[in-house]
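Read top to bottom, the protein sequences are chains U and C. Residue numbering for the first sequence follows our numbering, beginning at 17 and increasing consecutively. Residue numbering for the second sequence follows our numbering, beginning at 17 and increasing consecutively.
The hints are simulated quantities; they were obtained by calculation from the structure and are not laboratory data. Don't take each hint at face value.
It does not matter which identical chain is used: a pair holds within one copy or between any two.
When the alpha-carbon atoms are kept at most 30 Å apart in a straight line, the in silico DSSO-like pairs for lysine-lysine are as follows [to be verified]:
1. Lys233 / Lys137
2. Lys137 / Lys165
3. Lys21 / Lys165
4. Lys187 / Lys165
5. Lys209 / Lys165
6. Lys233 / Lys187
7. Lys27 / Lys233
8. Lys209 / Lys233
9. Lys165 / Lys29
10. Lys187 / Lys29
11. Lys165 / Lys233
12. Lys209 / Lys21
13. Lys29 / Lys209
14. Lys27 / Lys165
15. Lys29 / Lys137
16. Lys187 / Lys209
17. Lys187 / Lys27
18. Lys137 / Lys187
19. Lys209 / Lys27
20. Lys233 / Lys21
Everything numeric in this text was worked out from a predicted model, so none of it was measured.
Number of protein chains: 2
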Amino acid sequence: MNSFKPTTRTKLKRMVERGEYDRGMVYRILDEGFVCHVGLIIDGQPYVIPTGYGRAGDSLYIHGSAASRLLRSMAGGIPVCVTVTLVDGLVLARSAFHHSINYRSVVIFGTATIVADFREKMMALQTFTEHIIPGRWAEVREPNEQELKATTVLVLALEEVSAKIRSGPPKDDPEDQELPVWAGELPLRVEAKEPVNDPNLRPGITPPFYTLNYSRKEK
Amino acid sequence: MNSFKPTTRTKLKRMVERGEYDRGMVYRILDEGFVCHVGLIIDGQPYVIPTGYGRAGDSLYIHGSAASRLLRSMAGGIPVCVTVTLVDGLVLARSAFHHSINYRSVVIFGTATIVADFREKMMALQTFTEHIIPGRWAEVREPNEQELKATTVLVLALEEVSAKIRSGPPKDDPEDQELPVWAGELPLRVEAKEPVNDPNLRPGITPPFYTLNYSRKEK
Chain U
17 MNSFKPTTRT KLKRMVERGE YDRGMVYRIL DEGFVCHVGL IIDGQPYVIP TGYGRAGDSL
77 YIHGSAASRL LRSMAGGIPV CVTVTLVDGL VLARSAFHHS INYRSVVIFG TATIVADFRE
137 KMMALQTFTE HIIPGRWAEV REPNEQELKA TTVLVLALEE VSAKIRSGPP KDDPEDQELP
197 VWAGELPLRV EAKEPVNDPN LRPGITPPFY TLNYSRKEK
Chain C
17 MNSFKPTTRT KLKRMVERGE YDRGMVYRIL DEGFVCHVGL IIDGQPYVIP TGYGRAGDSL
77 YIHGSAASRL LRSMAGGIPV CVTVTLVDGL VLARSAFHHS INYRSVVIFG TATIVADFRE
137 KMMALQTFTE HIIPGRWAEV REPNEQELKA TTVLVLALEE VSAKIRSGPP KDDPEDQELP
197 VWAGELPLRV EAKEPVNDPN LRPGITPPFY TLNYSRKEK
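Please build the complete structure, drawing on both the sequences and the hints.
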């Protein structure tokens, strides 16, 4: 299916024109980002934890990080909300009221479960590494059994998903258009700087190609 | 008080060395970011909503956005977790296992309440605009009464707060140091591009100074 079906949780109530359910569009946003915010409930209190992720097909793999102990104790999985947000720019209107941010965000609802199988876990870690920096996995030492055990990976099906997008210029009221105030967009981009060698780097090893033209944008 | 007191919710259980409770350090992170992820519970389900924010003293002001209707219906406020994450770079180790991300994040627990008073609301919106782009508020048309009514602003006291920071090179195991693999850090920065004029911009108006050297880093 090429579109996500809106549910009561993913259907927008406001700014309906910003809603987006096309799977291709959603996946382009997920593939450009690499840090998500995982929302979960512990003792009736919401927690929001930033962590890395990777996508493989219709699954999202998440590093367990701080939530791992909690999650491991829950056999049946835990309801989560995972949000990925890309900030594209500031929208500067002539009126304070119409200032905005251009962004693309994806919200995923579902039940995160622990990846227990070693082969799936290895595959998930490869997805994870390649998602963050394509080309890296083939060069590094693969996780050994002990490391696999020490790593918590969660998987979440991409089923109940929506995106929200704002782009373009500000939308001032007609009566403000003549104000002597600059209006427009200030684009923001995430850019990579020069790679920094590890202080213990063996002599003669130079930064690999994939660190030199690194960009999150689709090529 | 110059340090936040760790609570059961903000005390780190793992990677204790990454925890940070210094108020100045926390506020520098909050002041560099401008998009937060607000976690809240609706019908037992966690929601994570990205939105803009601004800080004034020991208060965080949040744009209500999608949550506004829900929040307006709750007289006594709503427990939230607000997380701000700045990504500083990719940490590339010789082993897949020790790959990481350099980041600075702040997690705030508390009860968000609606700002109802018009004067405080106006002040909050000024804080909000100046937080995102300093110098802008003085130039734009201020919100009128109708716009103030249509805007939901939430305030959250900065009391139960912690930061988490990872910086520096990868930490490979001693036996991996001799592998013929490049290791180091790939720094990532948010950068502003050329401002884009609104298509309806009046002739003769040029982008203001604060759009030309825009940076989230402290000057």
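- prompt: Which of the numbered hints above does this structure break?
  reply: As far as the earlier hints go, 3, 5, 11, 12, 13, 19 are violated by this structure, in ascending order.
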